[in-house]
Amino acid sequence: MSNEASDISVTDDDIIIEDVETAEDDDELSDAFESRNSEDLDRSHDVGLESDVDGDEIGQSASGNSKSLFKQALNKSLRNEDIVANWITHYESDPNNALVAFLEFVIEASGSHYKMPEDTVLILESYTDILIAGTTHFCNSSIYPLTKKSGSEFMRILEKFVKCFFMTLDATTIINDDVFLGHVTGFIMACSQSKVRPFRHTSTLIGLKILTILNDLTGIEFEKRKALWLKMFECVFRGRSRDVVNNIRYLCITECFVWLESYPKSFLKPMNIDYIFQALRDECGKVKECAIKALHVLYAKSAMRKDCLEVSKNFINDLLAIIHEKENELGENAIKLLEKFCRSSSHMLDESQYLLMEPLIFAANRGLAQAAAKMFQYRRLMDENYPPERHICIFIEFFHEFGQHEHAAYLVDAFIDFNASILDWSIMVQMLIQQPSAMEAPAISTLIEILTRGVEQAVTGKIPAGRYTKTLERKPKANAQTLATKVLAPVMTQLLAKHGSRSENLVNLLQLPQYINILHYEINDNREQLDQLMELIEQIIFHNENISVLRVAAATLECIYQIPYTTAHSKELLTKTVNNYESAYLSWENSSQSPQRLLISLRVLSSLYGYFDLKDWNIADTVCVRLQNQNLPDEAVELHLELGFISLSWDLKTVNSLALDNVDVEDLCIGLKENLNAFFYASLTVIENNSNLTITANAFAFSCDLLVLFGDQLRQNTNQSIRSLQYQSTVNEFEFFDSFVTRNVFHELPTQDSFDDLQTKRRILGGYCKLVSFNLMPTMRASIIFQHYHRFFEFFGDILNATMEHASKINIINYGMTILHTCLCVYKKIKEANDGVSSHITQSTEFIELIQLARRLADTFNLNLLKNRSGVVTLHRAGILFVSEIAPDRPTAAPDNLPFLRILEEFVPQLLSQDKLDILNFLECIEEPALPSCSPEDWQPLTNYRMALEMALKKSCRRREFNERITMGQVE
1 MSNEASDISV
11 TDDDIIIEDV
21 ETAEDDDELS
31 DAFESRNSED
41 LDRSHDVGLE
51 SDVDGDEIGQ
61 SASGNSKSLF
71 KQALNKSLRN
81 EDIVANWITH
91 YESDPNNALV
101 AFLEFVIEAS
111 GSHYKMPEDT
121 VLILESYTDI
131 LIAGTTHFCN
141 SSIYPLTKKS
151 GSEFMRILEK
161 FVKCFFMTLD
171 ATTIINDDVF
181 LGHVTGFIMA
191 CSQSKVRPFR
201 HTSTLIGLKI
211 LTILNDLTGI
221 EFEKRKALWL
231 KMFECVFRGR
241 SRDVVNNIRY
251 LCITECFVWL
261 ESYPKSFLKP
271 MNIDYIFQAL
281 RDECGKVKEC
291 AIKALHVLYA
301 KSAMRKDCLE
311 VSKNFINDLL
321 AIIHEKENEL
331 GENAIKLLEK
341 FCRSSSHMLD
351 ESQYLLMEPL
361 IFAANRGLAQ
371 AAAKMFQYRR
381 LMDENYPPER
391 HICIFIEFFH
401 EFGQHEHAAY
411 LVDAFIDFNA
421 SILDWSIMVQ
431 MLIQQPSAME
441 APAISTLIEI
451 LTRGVEQAVT
461 GKIPAGRYTK
471 TLERKPKANA
481 QTLATKVLAP
491 VMTQLLAKHG
501 SRSENLVNLL
511 QLPQYINILH
521 YEINDNREQL
531 DQLMELIEQI
541 IFHNENISVL
551 RVAAATLECI
561 YQIPYTTAHS
571 KELLTKTVNN
581 YESAYLSWEN
591 SSQSPQRLLI
601 SLRVLSSLYG
611 YFDLKDWNIA
621 DTVCVRLQNQ
631 NLPDEAVELH
641 LELGFISLSW
651 DLKTVNSLAL
661 DNVDVEDLCI
671 GLKENLNAFF
681 YASLTVIENN
691 SNLTITANAF
701 AFSCDLLVLF
711 GDQLRQNTNQ
721 SIRSLQYQST
731 VNEFEFFDSF
741 VTRNVFHELP
751 TQDSFDDLQT
761 KRRILGGYCK
771 LVSFNLMPTM
781 RASIIFQHYH
791 RFFEFFGDIL
801 NATMEHASKI
811 NIINYGMTIL
821 HTCLCVYKKI
831 KEANDGVSSH
841 ITQSTEFIEL
851 IQLARRLADT
861 FNLNLLKNRS
871 GVVTLHRAGI
881 LFVSEIAPDR
891 PTAAPDNLPF
901 LRILEEFVPQ
911 LLSQDKLDIL
921 NFLECIEEPA
931 LPSCSPEDWQ
941 PLTNYRMALE
951 MALKKSCRRR
961 EFNERITMGQ
971 VE
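The opening position of the sequence shown corresponds to residue 1 in UniProt numbering, with each subsequent residue numbered one higher.
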């Protein structure tokens, strides 16, 4: 804040309002005022006052005077022109009284209830007494018109009235009246220097609008108008552009942009664009965003461009800092601004500064990535003499410099909307099939990855997983599939044959037929291409051991086998796959041979089974039996589990489909039920006896998924046979699941270098959470995992948070009790570890961690406080009842569990105002005895909890009712 503002003291009312130098967030500044007669002022916040009077809505007069200028301006039935005309008449007959009315307008607009005395005589530049009096008449000054939800509408009304006021006066002699100008502008400037935030905020808005309007006034002589403008600019703009309040600084930059944009009409010069650049160093993202958007517009004006470029040289590092902040939209606009500067001045950035931006092509935010890509294109791809191959090689080189394998999709997505080379598939294919290849193996793999990701996105319109964007629209590129078919279909076998030696190349190349129009292969002239492709894919399937390659090949065959011509080939391939598996298993079982052949056949079978129903071969009948073979290798166990899960899924789909066609499925359901029970038994046996966490995690995840598939949804089916398939878990099974999750997920914090281990644990936890989310397990049981929410938040916070959201939708009261039970479970452990001694409990590290856990759990109610209301109230009531239990042998002692109120205190902000009074009243069941022997320290948690409720009520819409209860003696 400006140091120009002097301290204001009010000795009569013991109110001292002091300036604050340090800027804080707006949330912290919301406690803007202390009540009258307050002795303690919080010097870390912007200052203000609180009162027990309800705040007024915009449409109500702050002073209660229905004829006040402020009241009239808010009256939608009145025209501003008529209001101002009446004021002019008033001024002509009684200038002093009319000016008092305008000053009252500013005071009331700020939210003060102060009504100036009728005999007030205004003295130029002497407004201290008025401001002091106005300061003592706020209701709840942390909430004033500009900060309410309707603040933007109020601002619009205020701006409109002020503009009409001065534009109408411009046609009269009043506009040149030094007394009028002196009092109006002087009072605005005095208010803008006030320590009281509502005065400062509101007057800054009005003052800035007056500065804007002054540019258009013709009734004031130019030099006089210029002097007045510069005086107000120095006081209002320069003083408040450094204010501690974000919104005030934002107003200043917004209006400064308006002045510069209107050049040469305004009194600012192009060199004053420095004020906008200075805002790039602001701590508030909204202010920086305003500055960047303003610079985009101003740079487009030829009169401002030269100065803009000149000043920008001093702020390059500030723009680069913004680019790397978390506000990705800010970074996007900052890069676009730098690109404009660079196009006008090629030496604006050095090599190191370019290198700071280019890796952002791989950023998760799509707008930021595309902005970085455009900068990259300007710098590296603008040479028209480059052949198309050179552009593609530049992409490959850049990817090897900054990217990783899984980020090729991000590279493609960043350039796909404006760079033709990234989708130049014909050139890429030529580079891949040329003999001999001019590229090394890593470059070839990267090119294949870029080709595949480009085809995928162009044909489907999907953006890469993990990349987010403001727009939800996902559109394929026009004619992309036609072009892909034309370029790729004739050379697919050639590409696979030449580059199939590396698994990573096969994984990508085998995806390409999925994006080709399969009607191409139904044309007789193209049947040979189809035959060659199917034969080559079959060879890959039976001669490749990589499971990723096999699964992609199976997915591609699913697309190809939609062509009727391929029926015979598909039947032959699937039969061969099953026979290979049976032969390999029997050979392994009857001999001491290596299991390698069995594993290879299992990989092929599990890959194809995921896309083709093999019910004709009765796979499910043998899987569960073979899972009981103790000698199976770990991978074979894992693959048999997968086969069992896939088989049961296919069978459930089959009986559902047949039932819809009114086919009797009773016998099929009996067999399916037997296989389901057998699989659960086999998978639980694996979980219990196998020491390999990866295998047990898969068994657990498959079991949880099947519980969902065969869960409550089947009970709602109209077919009796299908309803009989519902599987209902026993308490013993739930306890088994609880133990498994606790033992394998939460026994220790994952380390940074154990990514695979972390993914395994996330899969286990995800399976368990599905049971809670789909209401297959009592929500209360989930407290065993919720109690780890804070400690493991970095690793599992997303999963646990989603589970809590689902649980709250199922039954909010039950969810509230679950959260309470979660805290109680931890609290009881702490209490036991500290022998029930309250002082030891509250001072323990574990109790501090419990407070942090409660804080995180409380946040889960914030998504919709109204819908979650009953759950929060239930939590508080049940918690109070738990605390209120008195030991029979110590009736006057503090309850043993009184420290738990400190935990409940974290859930006070989640209570609605009307419920806080009820909880405060309910709290009376815990009564502190008024005995000398009672230690106040023992009862401190009760005092603090009650105080938290009372403080929340004082700031709420129920504060009047609360104060009435205090007056009546109903609340201590």
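Just so you know, the hints here were simulated from the structure itself, not pulled from any lab data.
Heads up, the beta-carbon is just placed ideally off N, CA and C, and yes, glycines get one too.
Watch out, some of these pointers could steer you wrong.
No more than 20 Å apart at the CA atoms, straight line, and that leaves these computed lysine to aspartate or glutamate pairs for EDC-like [what the hints assert, rightly or not]:
#, residue 1, residue 2
1, K160, D82
2, K293, E325
3, K828, E885
4, K470, D621
5, K160, E289
6, K673, D705
7, K301, E325
8, K954, D896
9, K673, D621
10, K615, E674
11, K576, D634
12, K486, E528
13, K462, E401
14, K76, D94
15, K286, D307
Between beta-carbon pairs, the in silico distance windows are [to be verified]:
#, residue 1, residue 2, range
16, F542, N862, 35 to 45 Å
17, S754, N862, 29 to 39 Å
18, R597, L758, 32 to 42 Å
19, L78, P117, 17 to 27 Å
20, D274, L758, 48 to 58 Å
21, T943, I813, 52 to 62 Å
22, Q353, S754, 50 to 60 Å
23, D938, G285, 26 to 36 Å
24, R723, L881, 35 to 45 Å
25, E473, Q532, 13 to 23 Å
Right, here's what the structure says about each hint:
no. : hint                    : result
1   : K160 / D82              : holds (14 Å)
2   : K293 / E325             : holds (17 Å)
3   : K828 / E885             : holds (14 Å)
4   : K470 / D621             : violated (50 Å)
5   : K160 / E289             : violated (25 Å)
6   : K673 / D705             : holds (16 Å)
7   : K301 / E325             : violated (28 Å)
8   : K954 / D896             : violated (30 Å)
9   : K673 / D621             : holds (12 Å)
10  : K615 / E674             : holds (16 Å)
11  : K576 / D634             : violated (25 Å)
12  : K486 / E528             : holds (16 Å)
13  : K462 / E401             : violated (26 Å)
14  : K76 / D94               : violated (27 Å)
15  : K286 / D307             : violated (24 Å)
16  : F542 / N862: 35 to 45 Å : violated (56 Å)
17  : S754 / N862: 29 to 39 Å : holds (33 Å)
18  : R597 / L758: 32 to 42 Å : holds (33 Å)
19  : L78 / P117: 17 to 27 Å  : holds (26 Å)
20  : D274 / L758: 48 to 58 Å : holds (50 Å)
21  : T943 / I813: 52 to 62 Å : violated (29 Å)
22  : Q353 / S754: 50 to 60 Å : violated (37 Å)
23  : D938 / G285: 26 to 36 Å : violated (47 Å)
24  : R723 / L881: 35 to 45 Å : holds (41 Å)
25  : E473 / Q532: 13 to 23 Å : violated (38 Å)
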